[in-house]
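Given chain H's structure and the hints, the job is docking chain R onto it.
Here is how the chains run, residue by residue.
Number of protein chains: 2
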Amino acid sequence: MDEQQAHVPHSPRGGGRAAKRAARSARAIASMPYITRRIGCYEVLDEEGLAIIERNADIILAEIGIDYRDDAEALEVWKAAGADVDGERVRCPPGMCRSIIQASAPREFVQHARNPARSVPIGGKHTVFAPSYGSPFIRSLDDGRRYATIEDFRNFVKLAYMASSLHHSGGTICEPVDLPVNKRHFDMVYSHMKYSDKPFMGSVTHPERAQDSVEMARILFGDGFVDPASGKPKTVVINLINANSPMTYDATMLGAAKVYARANQACIVTPFILAGAMSPVTVAGTAAQTLAEAMSGMAFIQLVSPGAPVVLGSFASSISMQSGAPTFGTPEPALVLFAMAALARRLGVPFRSGGALCGSKIPDAQAAYESANTLLPTCLAGVNFVLHTAGWLEGGLSMGYEKFIMDVDQAGMMHTLLAGIDLSENGQAMDALREVGPGKHFLGCAHTQANFETAFYRSSIADNNSVEQWEAEGSRDMTQRANAVWKKQLAEYQPPPLDPAVDEALLDYVNRRKASFPDSKF
Amino acid sequence: MDEQQAHVPHSPRGGGRAAKRAARSARAIASMPYITRRIGCYEVLDEEGLAIIERNADIILAEIGIDYRDDAEALEVWKAAGADVDGERVRCPPGMCRSIIQASAPREFVQHARNPARSVPIGGKHTVFAPSYGSPFIRSLDDGRRYATIEDFRNFVKLAYMASSLHHSGGTICEPVDLPVNKRHFDMVYSHMKYSDKPFMGSVTHPERAQDSVEMARILFGDGFVDPASGKPKTVVINLINANSPMTYDATMLGAAKVYARANQACIVTPFILAGAMSPVTVAGTAAQTLAEAMSGMAFIQLVSPGAPVVLGSFASSISMQSGAPTFGTPEPALVLFAMAALARRLGVPFRSGGALCGSKIPDAQAAYESANTLLPTCLAGVNFVLHTAGWLEGGLSMGYEKFIMDVDQAGMMHTLLAGIDLSENGQAMDALREVGPGKHFLGCAHTQANFETAFYRSSIADNNSVEQWEAEGSRDMTQRANAVWKKQLAEYQPPPLDPAVDEALLDYVNRRKASFPDSKF
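Chains as they are written, first to last, in this note's numbering: chain H, 44 to 565; chain R, 44 to 565.
One chain only, chain H, in its complex shape (with noise of 0.2 Å):
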């Protein structure tokens, strides 16, 4: 983190009653704004073993090659840069991506927000939370499964927003099917302007998409925009940037990864892999063109624009061998975040990967397995940026109301988990060992009373009381439980404050431009 304002807790502006219930209201949902790991990350493989996926990737980016489909510039860019260009096909000799890497990616960087208390490093040892991405179709106990909508999307800014284990807003939390595809985008990214002042993420779904992300966080941003010291414009936006895997980059994500990188904004450079399909059938196959993929596109970043942030992300499941259906959860996918975690501090850049993954419909045993499967490997590897750490479904095609509380509720549990064990004296608590003793108990000592409203993590889902009285409740699982925290919290929403010029002057762009050209369903 380089900034210490980053830390300052966001004040409230105004006096008397309204601010004193303001004040309340920031600090019923003061949460803190990223975490920093204090525990090690697991390493899966020796230095052999991440020796050996190294190598194959230099074998597969140098013998195999990647292809840049329809994008003349990006082969010229390769070429300029002495790579082995032969038709869309480029082959970099071995070391060449990690040199280029290397030279100019940051390790570590900050993704400013509207709210500077809310801003996140992202890389080193710390941990940036962010809900799921993409479904178009969402899942509640009330509705079942249904396409979703921009009010959907609004809802679960605001959840997101309201989450103290949440760090980010997230970007394409469901598709907002009601919209022109063309155009949803404008309301997505105002959403996430307007609901939260956690930071977000811009649309990737065409250069020009991406563009209108730009600017708009320049207007949210204003003066604050550009860095006094750099003359760079700061990093407000982080970005989505899959390859087409197997070893491709198409048109679409290539314009928009441009478009972010000259404008200084951070692209998470993804091959998104279901192993057994994109990939071989195997753990150490799957690393290692992980490993060549993602170098390819933070290389090709890097030579656009020296020094724009960089993630290094893994998306990778299986899929059933029976059926071919995606599998989310299984063993497999964690021993690949293990690797490609290590394989991303050796390189010495942002992780990104995980989240709280699963193939089940419905927020069932299955879902909380999987998702459980995924989220400790995810943070005992040390990712640095993690989607989808909430609310998704069915392999990502829903985006589940009940879930999302569900999954928020584990994210607060590895703030815990990651704070690693108090060595104080008071966390030795000898003194208490000494005051109670054989035979007795440790509920009334004073060590106790005084550690007694920190003492452990609370889930707020969690029913651990007796049987009796779980059964006089209704015997509610925790799904039903889910379902009544997200509607009590949707009704309790306060917006965080917006200038109201700025927001004005947000809508005027994204009413000028929606005007500027039809509506379509591309």
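Wrong hints could be hidden among the right ones.
Pairs count within a copy or across copies, as identical chains cannot be separated in the list.
Straight-line alpha carbon distances no greater than 35 Å define the calculated DSBU-like cross-link-like pairs of lysine-lysine that follow [to be verified]:
(1) Lys483 / Lys226
(2) Lys531 / Lys226
(3) Lys483 / Lys564
(4) Lys226 / Lys564
Please keep in mind that the hints were generated in silico from the structure rather than gathered at the bench.
Just chain R, lined up with the frame of chain H:
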């Protein structure tokens, strides 16, 4: 593992068609007899942190002391060893317990099963999964929650026998409350011997019941009970000796421990701690107390019977500071678990902890999140003996039929995780990458075809089909699918062969003993 025959698969006896059927049946339930981990253990504390916990444990043992209640012999044993015995309070100078343990306790030992192919090594890089232990209630979709019976007990022995990911038959899988308290151990131990050929646990609720367990094992193993090399009994029963935390051992557990230790049977010495009630509200305090209590108990056993196998056990969860109810699957117990595993390694004894613990009453998302948040740390920490791997509900008050099937599936996944990343030529899959290349898919390539069968872990109860297919099949959640599985398994159960003469001798012992004293509720 000191015995290679433990790796030899069991050969069914007899010839002809029946033998082929038996062989097929044996293959169907063929399993890895135990896990040997190929990935490292996660370390949450560094050398300095672990040394602090060890120092504090020594302070507890030296300055506070441990109570040995209602057992004059135990106090004599401690006095003879040079401890400071004040009434029932036993204080040992720093390092004394550690020295006693390290002088004679085995770092690793084999628990023999009646089927030698199912013998398990306890300690080192090995992990053994056993079912849950001790629930008075069962829960199923059919019956809801009700008291457990001996029929339930037999059912779970059969299900554990058929579960390829469980290596052990466990002990008091559920309490057969339809039988007299003072005689139910006969039926439990006999059920393990009769309906399974996996290793099992003995009774600990009274020294006489421990002796009965040893005598029945002597009958079951016959000539094989005594190791001809050492002249001592082989270790064929493992037993759960819980401390009465804080810092107390009672006569019942001490009595059982002495019986087992003198017969060279294994004792898992486990402080059972709900932090905040039986220990301080901090992780470091709970770990120091656990280490002190466990070291005291293990040292006592070594004094009674030098060389008798002991396992350092840790059962630590926390309580809700609002309601006092026990909670499971929260982050603090995971931190205790990681720390205790490292402390056991440093001490040089096998380690027992973890499982699939949860507070939820039913096998819903809460149960699954909490169970996964316990089982994954269990495996990454390097636990050697995992009690409560399958079935646990409601803080251990209920044993769930559906939960059992779901947890067994998770335990299967852990086999894959702990096998780590295959870095062979086939694992690296460079041929596949070269064959397929950019923009194609891997489904049909030679490498995928060659690895099709074993590529990814296949869950028996996860549903990864399309939402349309899932709906067509009844929109069942994981619990409903698990319900069908346990019923099918019980219907298909075939007992492992048992010499009729041995069976008769066991029943004779049981019947004689049962007739020799009246039923009792205690």
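Consistency of the hints with the structure:
no.	hint	result
1	Lys483 / Lys226	between (67 Å within a copy, 32 Å between copies)
2	Lys531 / Lys226	within (31 Å within a copy, 53 Å between copies)
3	Lys483 / Lys564	between (70 Å within a copy, 28 Å between copies)
4	Lys226 / Lys564	within (9 Å within a copy, 74 Å between copies)
In terms of the numbered hints stated before, the structure departs from none.
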